[in-house]
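Undergrad: Spelled out, the chains give:
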Amino acid sequence: MSRTTKVHARRRRRQWTQRAGFALLTAAAIATTLPIVLIVFVILRRGLAALTPEFLFTFPTDGLRAGGIYPAILGTIFLTFFMTIVVAPLGIAAGIYLAHYAPDNRLTRAIRVAILNLAGIPSVVYGLFGLAFFVIFFQMGTSILAGALTLAIMTLPVVITTTEEALRSVPNSFHVVSVSLGGTDWQSVRRILLPQGLPGILTGVILGVERAAGETAPILFTRRWRFLIISTSSRPRSRACRPKCSTARPPSC
Amino acid sequence: MSPALRERLVAVAVRVAGVSTIAFILVIFFFLIQQGLPALVEVPLSDLLARRWYPIEGVFGLLPLVLGSLLVTLGATVIAVPLGLLTAVYIAEVAPRPVREVLKPFIEVLAGLPSVMLGFLGIVALAPELYHRLNLSTGLTAFTGALLLGWIAIPTIVSVAEDALDAVPRAYRDGALALGANHWQTIWRVTLPAARGGVLTAVMLGIGRAFGETMAVMMVTGNAAVMPLGLGSLFQPVRTMTATIAAEMGEVAGGSLHYHVLFLVGILLFLISLAVNLVGASVVFRARTRAERILS
Amino acid sequence: MRRAAPLLPISLTAFVVLFAFGCTPDSSPGAAPPERAIVNKGSDTMVNLALAWAEAYQQVEPAVDVSVTGGGSGTGIAALINGTVDLANASRQIKPEEIEEARGNGIEPVEIVVARDAIAVIVHRDNPVDHLTLEQLSVIYSGAINNWAEVGGADRTIVRLSRETNSGTHVYFLEEVLRLGDPDNRTLFATDTLLLPSSEGIAAEIAYNENAIGYDGLGYVTDDMKVIAVGQDAAGPFFLPSVETVNRGVYPIARDLYIYSPGEPSSQARDYLAWILGPLGQELVASLGFVPLEPTS
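Chains A, B and C are the protein sequences, given in the same order.
For the first sequence, position 212 matches number 212 in this note's numbering, and the numbering has no gaps at all.
One gets this note's numbering by counting positions in the second sequence from 1 and adding 1000 to each.
One gets this note's numbering by counting positions in the third sequence from 1 and adding 2000 to each.
There's no promise every hint is true.
The list that follows gives simulated cross-link-like pairs (lysine to aspartate or glutamate, DMTMM-like), each with its CA atoms no further than 25 angstroms apart [claimed, not checked]:
hint	chain 1	residue 1	chain 2	residue 2
1	B	1104	A	185
2	C	2226	C	2176
3	C	2226	B	1129
4	C	2226	C	2244
5	B	1104	A	104
Please keep in mind that the hints were generated in silico from the structure rather than gathered at the bench.
The task is simple: from the sequences and hints, build the whole structure.
TA: Next comes the structure, spelled out in structure tokens:
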């Protein structure tokens, strides 16, 4: 076989490999995404009919088998609200520190390792920690506050890393110019870097909140999930406020 | 307030925020130990290494739980890592722009799905399907759990790996192409190795996600505390450490031995994920410096 | 930052509005409930019943607020021992050590039987087996028998379903069926028994799995399951669980449901209990699938 034929043969083999490879990649992507479509479709089809205003705004009746999920919705809203007002300032501040103020020393590396580990802790272990720390040690009892604080610590890594990424993606020249024009460090962070990085930061916070809103295990013991204080009166006012209801489904799961 | 003072205050405040992460890890570890150590003291080690878990009668063998978690996590990894990495490569390198714009947020949607919901779908749809198609004795098996978990872990792997692949400078690709490699070769021999650090991190995070998942796995693995030895046990029910804590903590009396043992299980979970993270971080670190040395 | 500024007051206002909508804030997490309220905690088996009672009692005595929570018999009794509950629901009897603990806190538990529950043994609706003895159930669940053919069924593996170990129902089944009521018997569930976290999980599994056998309170039996008739011995009569068979005492797997009070119940609690034991309360018991007590004079 002449040299050119060999080269052509090799090239054709590579072309073939490439095409096969791309097909494999596409197949993988489809395998990953198709189930999502199916899930969304199935859920909408089976569940949409039940999504009435009554379902959203009334209390469960008949032992949680009928009625609405109002307490659970309120519980989720309160929980995520409190969690956000705790995690956002702390996480964004830590992100600013890592992106801008932290020197390249062992402490900083330790912080990064700590963040990685916080992210890796199983959610149910956070539940145990929340129980031992907030419910028992700080004697908050099983309450929304305990749950919110537990979730806040759990969401911290996400917020910190996305804040840091967002701030790092702002070109350094912005900061340099600002300082050269006479601004202090903090002024340039506050007025230039943060606004520029805000979309990324908000994405991080929202992602964190979204994950936390769907979590069950961390709040299982800081707020008993099958533990619904329901006012037996039909007035939505009375007891809805120690809503120890959670994002978990009522005893059907 | 004078600007100098403000500067100092801000610098201190953000530093405290940063250091608080270390504080949290230490506090978490401390409290877990505080509640879990009594178990180590009161229950002899040989009991803890026993093969039977029946806590309401004081039988606290942890082996079935540990092996159960490992089995399901292993299965999930085998499913999630290839699918996740291939999808990440597809999105970063192969997908045309409009497809990419749609696919990325789609995967984020998957990441946001609550695990209880997926567990619920597992019970009503996945388990019966597997029971009928694979002719199993029950649809609630380690395999079901691995399938579900693997699929839950995919978005984590995809996001991080895709970001890492994206961050590889164009110059690397252009250089390779200019030297005569085709797209496929560039991906596997240049881009992917260059992004090795981020890709490994993605895999570690994915494994961690699968290992730590609680609700979905509690609903579909059957929670039977068997010793999963041998390949056949993949299609039998298992009980994971996470599901055990979730299922039993609710009604345990505070301060009882069972309570302390559950915290001990929590410590185990914490230590295992710590070990995985440390190993992963060191591998990533070494990979990064080596790659940097080669390519710079 | 300037553009983000309006976000803060808006979200704060939204929160305040929601807050006003939702509640009258409690003073502190551990605060004692207001006087016109009865705190009722405990058994998950009984929680639906307790909720139904509370809802209905609201119509009768609107001034009294009954707050119901689950968490399990163990939780209810623990609360009783700590004195944080007015009435504790339990699907099992209080244990001697728990009575001791309560007395140690100066609390003398008072037991009231408020209803009965039958444990139904359920299988897939196509399972050919109709009846089983207690002993067969014990042998099946302990793992000694693994094939339906050994009890007269099809040639299939037996898949055992159970509630989680912390459920009163599980403990009751362990003591009365697996151990046949013998306190010295140390038989345990087979290790491959599936411990499902809820009754609905058991129902979902029974619905599609022809190999499965499970048990749960009578109130949780649905139409797409088949109930097995249980008898004391192989020849003897087999009974399906029902109000009649339980009250006649012939259905072998039945238990009393209790409410415990820390000492003599307060006047409000006493009225509530009287109502529960009366015709209206017992009617609810029946409608929820439990077994009402026979009317006493």
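Undergrad: Would you mind marking each hint as holding or not holding in the structure?
TA: Status of the hints after comparison with the structure:
A distance of roughly 36 angstroms separates the Cα atoms of residue 1104(B) and residue 185(A); the hinted pair therefore is violated under the 25 angstroms criterion. Of the pairs offered as hints, the one joining residue 2226(C) and residue 2176(C) holds, with about 22 angstroms between alpha carbons and a cut-off of 25 angstroms not exceeded. Of the supplied pair hints, the one linking residue 2226(C) and residue 1129(B) holds, its CA atoms being roughly 22 angstroms apart against a limit of 25 angstroms. Distance hint between residue 2226(C) and residue 2244(C) is fulfilled; the C-alpha atoms sit about 19 angstroms from each other, no more than 25 angstroms.
For the hint pairing residue 1104(B) with residue 104(A), the CA-to-CA distance comes to about 33 angstroms; that exceeds 25 angstroms, so the pair is violated.
When held up to the earlier numbered hints, the structure conflicts with 1, 5 and fits the remainder.
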